[in-house]
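Using the sequences provided together with the hints, build the complete structure.
One line per chain: the protein sequences are A and B, in this order. For what it's worth, the working numbering labels the leading residue of the first sequence as 1, then goes sequentially. For what it's worth, the working numbering labels the leading residue of the second sequence as 197, then goes sequentially.
To be clear, the hints were calculated from the coordinates, so they are not data collected in a lab. Note that the coordinates shown come from a computational prediction; the quantities given were computed from them, not determined experimentally. Honestly, I wouldn't trust all of these hints.
Which bits of chain A does chain B cover? Going by a derived footprint, with three or more residues having C-beta under 8 Å, they are [said to hold, decoys possible]: (1) 45-55; (2) 165-171; (3) 175-186.
If you want the ones that stay clear, here's a sample from chain B, every Cβ over 10 Å from chain A, calculated [stated by the list, open to error]: (4) Tyr-237; (5) His-406; (6) Val-435.
All residues carry an ideal CB built from backbone N, CA and C; glycine is no exception.
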Amino acid sequence: MKTYIRLFTPALALLLLTAAVLPAMPPTRGGGGAPQRGGGGGGGATRSSARPNVNQPSGNRGGNASNNRASNANTNRNNNSNTNVNRNNNTNVNRNTNVNVDRNVNVNTHGNYYGGGGYYGGGCCYHSGIGVGGAVAVAAAATATAVVVGSMVNTLPPSCTVVMANGVTYQQCGSTYYQPQFVGGSTSYMVVNSPY
Amino acid sequence: MKRNIGYTIAALLLATGLSAPLPAQDKAPEAMNALNYMGTYLRTLKDFQVEAVVTTEDVLTDGQKVQFGSKTNILAQLPSKLRVSVEGEQKSRLFLYDGSTFTLYARRVGYYATVPAPDTIGKLIDVVSEKYDIQIPLLDLFLWGGPKAGADEITSADDIGPGVVEGVTCEHYAFRQPGLDWQVWIQLGDHPLPRKLVLTTTTDEARPQHTSVLTWNLAPSYSEDAFVFDPPADAHKIVFAEVKDASAGN
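Set out below in structure tokens:
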């Protein structure tokens, strides 16, 4: 029975993901903005990072810019230690270290079941664009999000479009506008009033 | 044992009524000299290319550490041109500086931002850190041997002994300073280049580590275009968030 489940769960997850992602994925660069964090930078669940330089203390980190990220912009970091190494006892520890309750765009439902085992570490980023996107699509359907002008997020809701106003790039997601910015070398999005 | 001696000296100083003693320091002169020698040599380089294989660690809120890998490629023409490409598991970045403007390009998301820049790499390092909280990767290579090198910070220096990095014979040194223990493997001979760096952050009890293994090319061939940003058609211009005063709150 366990074998049966193990065989089919990944396929099922893939189906779910595909179904969720296809309509939700924005056209080309239309938006979505693959959530990119870290490189060192992790999601909001990171309490510290290794200092990368001898001669320049990471003085500003932990200062304002980082605080913004820590307090408002919660990226899911899913460290999935799915130990499915041919053992009878499946240890599937899906630990969402940081679930942004206020803004369900980051809630990750199935996106973390990646590759049906194996370690998919290091959080949200690059390839998880698909996984997170899928999760976002699932979550967003059931959620009305309240966005506060001036708040920062690390990922955009689905179906955004790039718009230009006054030579600056914005992402329009429904009736909400986000201004992408480099915050300490990572991309974040500030909720802004309509630039028009 | 070192510590005991330090305390003894401190006690003696106090007992003799001298002013408050400095914290115990134990700096092997050969280690400090090697650092100076490396820095002085680095400052003679006019242009170079370095490829760095980097691993770094983050500490999660519960103390668990996670590691990330990246590859950094630096092309520098002193004093005022720099190209740094970072290809990481999580992000891909291009830092470009042509002596008058600085651009950061996030390739995967297709965003870039450009700002006017000062006229040397040294000043650029300061400005982007102070204004935008951006650290130029491997900035130490540009600061050692110059006025911004924080040799005063060092409280302990040791010569660990011979080492080999990627087949290159080196001498291995270890230093301590507030918040940071660090090690450097310096190539032996007339080209005392740093070949490996290990930085251990000591302000977090989990002690996350940042390691760089460097491969040097002291005769790079390149075009001046390498330092100029030519935005791809699908790239979107964005802004740098400026660091606000700490007093501004949040």
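Q: Examine the segment 165-171 of chain A for residues whose CB is less than 8 Å from any CB of chain B, and state whether their number is three or more.
A: Since three or more residues must qualify, the claim that chain B covers the segment 165-171 of chain A holds, with 3 doing so at under 8 Å.
Q. If you look at each residue in the segment 175-186 of chain A, do at least three have a Cβ nearer than 8 Å to any Cβ of chain B?
A. Our answer is that it holds, as 8 residues pass the Cβ test (under 8 Å) against chain B, meeting three.
Q: Say whether it holds or is violated: His-406 (chain B) keeps its Cβ farther than 10 Å from all Cβ of chain A.
A: Since the minimum Cβ distance to chain A is about 4 Å, His-406 (chain B) lies within 10 Å and the statement is violated.
Q.
The output says Tyr-237 (chain B) does not contact chain A. Does that hold with a beta carbon cutoff of 10 Å?
A. 16 Å, holds
Q.
Please verify the coverage claim for the segment 45-55 of chain A: does it have three or more residues whose C-beta sits within 8 Å of some C-beta in chain B?
A. holds (count 11)
Q: May I ask you to check that Val-435 (chain B) keeps its beta-carbon over 10 Å from the closest beta-carbon of chain A?
A: Incorrect as stated: the minimum Cβ-Cβ distance to chain A is 5 Å, not above 10 Å.
Hint compliance for this structure: hints 5 and 6 are broken, all remaining hints hold.
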